[in-house]
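Residue numbers (this note's numbering), protein chains in the order written: chain A, 24 to 273; chain B, 24 to 273.
Just to be clear, a hint being listed does not mean it is correct.
Stated by the list, open to error - Quick list of in silico lysine to any residue cross-link-like pairs, SDA-like style, CA-CA up to 20 Å:
1) Lys39(A) with Asn123(A)
2) Lys179(B) with Asn226(A)
3) Lys54(B) with Lys94(A)
4) Lys166(B) with Gln133(A)
5) Lys54(A) with Lys166(B)
6) Lys94(A) with Lys166(A)
7) Lys238(A) with Lys94(A)
8) Lys54(A) with Glu253(B)
9) Lys100(A) with Asn113(B)
10) Lys179(B) with His244(A)
11) Lys179(A) with His244(B)
12) Lys179(B) with Glu253(B)
These are calculated hints, taken from the structure and not from any lab test.
Remember, predicted model here, so these are calculated numbers, not experimental data.
2 protein chains.
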Amino acid sequence: MLSKNKIKELTQLHLKKYRDLQAVFIAEGNKLVSDLLLVFPCQTIVATEDWLLTNKPTATEIIVASESELKKISLQKTVQQVIAVFKQPNYTLDKKALSNSLSLALDDIQDPGNLGTILRIADWFGIEQVICSLHCANVYNPKTIQASMGAIARVKVFRVDLASFLQDIATKTPIYGTFLDGNTIYQETLTHHGIIVMGNEGNGISKELEKFIDKRLFIPHFPTDRLTSESLNVGAATAVICAEFRRRAL
Amino acid sequence: MLSKNKIKELTQLHLKKYRDLQAVFIAEGNKLVSDLLLVFPCQTIVATEDWLLTNKPTATEIIVASESELKKISLQKTVQQVIAVFKQPNYTLDKKALSNSLSLALDDIQDPGNLGTILRIADWFGIEQVICSLHCANVYNPKTIQASMGAIARVKVFRVDLASFLQDIATKTPIYGTFLDGNTIYQETLTHHGIIVMGNEGNGISKELEKFIDKRLFIPHFPTDRLTSESLNVGAATAVICAEFRRRAL
Chain A
24 MLSKNKIKEL TQLHLKKYRD LQAVFIAEGN KLVSDLLLVF PCQTIVATED WLLTNKPTAT
84 EIIVASESEL KKISLQKTVQ QVIAVFKQPN YTLDKKALSN SLSLALDDIQ DPGNLGTILR
144 IADWFGIEQV ICSLHCANVY NPKTIQASMG AIARVKVFRV DLASFLQDIA TKTPIYGTFL
204 DGNTIYQETL THHGIIVMGN EGNGISKELE KFIDKRLFIP HFPTDRLTSE SLNVGAATAV
264 ICAEFRRRAL
Chain B
24 MLSKNKIKEL TQLHLKKYRD LQAVFIAEGN KLVSDLLLVF PCQTIVATED WLLTNKPTAT
84 EIIVASESEL KKISLQKTVQ QVIAVFKQPN YTLDKKALSN SLSLALDDIQ DPGNLGTILR
144 IADWFGIEQV ICSLHCANVY NPKTIQASMG AIARVKVFRV DLASFLQDIA TKTPIYGTFL
204 DGNTIYQETL THHGIIVMGN EGNGISKELE KFIDKRLFIP HFPTDRLTSE SLNVGAATAV
264 ICAEFRRRAL
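Isolated chain A, as found in the complex:
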């Protein structure tokens, strides 16, 4: 049985302020919660009796609830069997991995859904560290968590001053960025290590960061002689760029 107080306590976690107070985040749905349970300490699980019997989860607090009770906490349209609260992880940046593998740096990605999609792309393409600028969407936003589809359990996300970060790393590994006036990605040498900077949805990569970019990349549109003022959505662009880096390594 879910008390009014507990419902309030859980729905508050949709807001950054309350998540950060307790250093937790909230996630819904069978696949997502199951993925996260493998990795993060779980503080609270609210689930149907059936779900609990099948999954036998470990958590500090376990509450049995009906689907209609779960609905009161849920942000999803479809009915959920489980909602859980996890401890926010506290990762240490692996500096060696930054120099010898591929990482993503995100310059003020605004949309939580885009951030989640990018984490899912990173996961698919074996990118283990994603460095967010200070003004990126919050990685524990429920929309990010849902869109990441559990990638958050495998991809480590950091939040740093991106200009200082790139300045520090600049001599150690190549830094790539996408620009509408960049060189077509298919004609560039792409290394198996480096940082790929993806820019903000509206403004692309900021002036402040542009000076750290060693290679300016461009995803050619089709036909290439067509004039266009358009661009790809940042998630779509990240997918194409990461796929191309990994194709070279096949």
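Guided by the hints, dock chain B onto chain A, whose structure is given.
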């Protein structure tokens, strides 16, 4: 000045029922509305005086409104200068183009944002016709229109029974589809024409359509020997697939 009745009339267009009654759709924002004005007959424009003076649009009805009045119709978080109602286009499927160029077919894409993102990808990669199944998200959903970023003005979208459609076209052009057990896309021969079928977010390509697929494609994850039960978001997958088809044509 925006009357209460007009506000009601316009906000109703966020719902399919009311859009279809009048065969119209609603769009917001300077870039989007400007793009659409180049292509679709405009029924109503509600905009600030400044916007109207700068853009001098043609529409059956033009209403001057303040930003706070526009906010009452807007679905966006940021303040808008213009909201407009356009006639839904009535396209005829170009069957010849289906056989000699590249098109996308979407099997029950549920999320309106994903549909809009896919249209934007189609636009970038010069795909002019997108064929939606009957259970796809509605192309005139405001979230689709916004996510398409004006691609809707250049990409023609059709809604058909996809099984009958593929059956008809099967002998005329190759049909591609993405599957988690498909052949890596980099080792497949990809033609410059054909239909690429993209599947539903949760279930992929349905059994009913699977039999029409000539070539089963797969986007390799990295490292390729890693076991994974994951997948890419359908927008991200569409971007990688379209990019690869177009790379071959460079």
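Structure-based check of each hint:
Taking the CA atoms of lysine 39(A) and asparagine 123(A), the gap is about 34 Å. The hint is violated against a cut of 20 Å. Only pairs whose Cα atoms come within 20 Å are accepted, and lysine 179(B) paired with asparagine 226(A) is rejected, the gap being roughly 28 Å. For the given pair, lysine 54(B) sits about 38 Å from lysine 94(A) by alpha-carbon distance, which is inconsistent with the 20 Å threshold. As the CA atoms of lysine 166(B) and glutamine 133(A) are separated by approximately 17 Å, the hinted pair is consistent with the 20 Å bound.
For the proposed pair lysine 54(A) and lysine 166(B), the alpha carbon gap of about 26 Å is over 20 Å, so the pair is violated. Of the supplied pair hints, the one linking lysine 94(A) and lysine 166(A) holds, its CA atoms being roughly 16 Å apart against a limit of 20 Å. In summary, the hint linking lysine 238(A) to lysine 94(A) is not supported, as the alpha carbons are separated by about 48 Å, beyond the 20 Å threshold. For the hint linking lysine 54(A) to glutamate 253(B), the alpha-carbon distance of about 10 Å falls within 20 Å, and the restraint holds.
For the hint pairing lysine 100(A) with asparagine 113(B), the CA-to-CA distance comes to about 32 Å; that exceeds 20 Å, so the pair is violated. The hinted pair formed by lysine 179(B) and histidine 244(A) meets the criterion: a straight-line CA distance of about 18 Å does not exceed 20 Å. Proposed proximity of lysine 179(A) and histidine 244(B) is supported: the alpha carbons are some 18 Å apart, at most 20 Å. Between lysine 179(B) and glutamate 253(B) the CA atoms are separated by roughly 32 Å; this puts the pair beyond 20 Å, and the hint is violated.
Hints 1, 2, 3, 5, 7, 9 and 12 from the earlier list are contradicted by this structure; the remaining hints agree with it.
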